[in-house]
Each structure stands twice: as C-alpha cells, then as structure tokens.
Amino acid sequence: MSLRIQELGWRATPMGEISLRRRWDPAARTDVYEIKLDDEFLMSSLFVAAEVEVARIALAELRSAGPPPEGGFDVAVGGLGLGHTALTVLNDDGVGSLVVVEALQEVIDWHEEKLIPAGETLTADPRCHLSQGDFFARAADPEGGLAGAEGPPSRVVDRPDVERPHGRWRATGGLGPSSPGARFHAVVVDIDHSPRHLLNPAHAPFYEPEGTRRLAEHVRPGGVFTLWSNDPPDEAYLDVLRGEFTGVRAEVVSFPNPYQDRPATNTVYVATKPRD
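In the numbering used here, the protein residues as written are 1 to 276.
Bear in mind the hints are in silico, worked out from the structure with no lab data behind them. It is possible that part of the hints are untrue.
[To be verified] Lysine to aspartate or glutamate pairs mimicking DMTMM-like chemistry, simulated, CA-CA at most 20 angstroms apart:
#1 Lys-114 with Asp-234
#2 Lys-36 with Glu-106
#3 Lys-36 with Asp-125
#4 Lys-114 with Asp-125
#5 Lys-114 with Glu-34
#6 Lys-36 with Glu-17
[Unchecked claim] Here are the computed distance ranges between Cβ atoms for each label pair:
#7 Arg-196 with Glu-217: 21 to 27 angstroms
#8 Asn-257 with Lys-114: 26 to 32 angstroms
#9 Thr-265 with Glu-113: 30 to 36 angstroms
#10 Arg-242 with Arg-11: 38 to 44 angstroms
#11 Ala-140 with Ser-64: 26 to 32 angstroms
From the three backbone atoms N, C-alpha and C, an ideal C-beta is built for every residue, glycine too.
All chains, full assembly: derive it from the sequences and hints.
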C-alpha cells in the first residue's frame, strides 16, 4: 500500500496551479493518479473508460471503411492528461503516426519524467510525438496544421535502432514543418468537460459552426472526429456537427463508479468527414 496521498508534481501556470498526485483509494483498492488545476479535477486514473472509448471508436470507424493505408493511419489527439487516450491509439497496430497536442508543458514533462505510468510507453514509441501548444488555436488555423511548426523531435527521426511499424515520420502526415495544413485520418479530442462546460471560455468558438468548419479542414475525406464529454448527449452540438460531417451520433459510455450504487456515464460524439 502506498502513502495515502503523495504529491508528485506541482507548478504554477498561466491557467492556474496544476498538480499531479497519487493516492491510495481504499474503495477501489488501487493507486489512483490525479491531475488537478487549482481545486478542479482534470483527470483521474480511476475513471478512464470513456477516455479509452473516444479513441477506440474513432479507430473502429476508420477500420469499418477499410484497412489502414500504406503507412498507417495518421491520428491527432487534443489533450494528453494521464495518457489513456493516446495509449489506446498506439495500441492499434494500424496507426502510423500520432501527435498529441497538450496546452501545458508541465503535463508533458511529467510523462517524460515517467511520473505518470503512461509516460513510459508514450515517450518510447517512435510513432508518438507530444507537442506543447493550444489545440484550439491550431484547430482554428487550417493553414498552420494541428501538429504545429516544430515537427517531430529528433529522438523520433534519428533512431535507426527503433523498429517503425509503418516507416519514418512522413511529411504528408502533417507531422513536420514541411507540410503545414496537412490532414489526419482521425482527430480525437478530450480537453473540455463538455461542449457547454469549458475549461476556458476562449474554447467556445471550437464548438460553433465556424469552428467546426475549420476543424473539418484538418480531417481527411472519410476521416473521423470524436470528442469526449462528461455531460449527456447535446442535441444542439450534434446539429452543429451535422453541418460539416456525416454519420453524426453520440454514444453513451457506462462504467462502474465505486462511490455510487449505479454506473456513471460519459458521452462520445462521433462524426465522419464526407469523401470528396
């Protein structure tokens, strides 16, 4: 048994005080990792079912349309957190590249320092690139690209000893500075609590028609967009998605809650970019 609560990291950021802690949960009988921003819980390793499903559903949608292309699927994830969404993407051997855009460098640092269990895999997999930046600002700029201008780090490109299931990073995947505005087979987002309950009011345009139009420009024809939400399905947001995507739906994900006598639920929004 671990110490009841252990603070693993703490830093002041422009968004507030962010902290990483590990605590022993007697109800779940396991160590739980949590990220807090000020007094608000952002992520908990106790409840990861929907964080897994938001990625699994996106990849299942892609595979339902056909096998991975030569070079594999190019995937972008908005929000790193404890890394469960990114790990689910990398668990699919059809994925050729993954870029994870995280606003807080502190969270990336904790993964690179292996303070978060997922960091061991995320920092070792040559397909994965962790990029510090504002996902919403990048999504609003179709010319700039979701991966930003820095491209993949040298540790990924310059390691001939590491096997790459689908080869080296490719400029056509939108993961390098030579391909601004390149598009992805899947864009998976797990940042705000829901389209209505935002971590920052500046994120609001992303969930509006114009923001959705700009997001869609980052998705390849036939590609998939998925979004995690802590709230029940929102018909108004589904209507916004229908303005740019097809096959729009909301899937409710249920999972056990050790603190309640009933299951908890989250929502995953799913949308497909029409083919040209």
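Now the hints, each set against the structure:
no.	hint	verdict
1	Lys-114 with Asp-234	violated, 37 angstroms
2	Lys-36 with Glu-106	holds, 12 angstroms
3	Lys-36 with Asp-125	violated, 27 angstroms
4	Lys-114 with Asp-125	holds, 14 angstroms
5	Lys-114 with Glu-34	holds, 14 angstroms
6	Lys-36 with Glu-17	holds, 8 angstroms
7	Arg-196 with Glu-217: 21 to 27 angstroms	holds, 24 angstroms
8	Asn-257 with Lys-114: 26 to 32 angstroms	holds, 29 angstroms
9	Thr-265 with Glu-113: 30 to 36 angstroms	holds, 34 angstroms
10	Arg-242 with Arg-11: 38 to 44 angstroms	holds, 40 angstroms
11	Ala-140 with Ser-64: 26 to 32 angstroms	holds, 29 angstroms
Consistency note: the structure conflicts with the earlier hints numbered 1 and 3.
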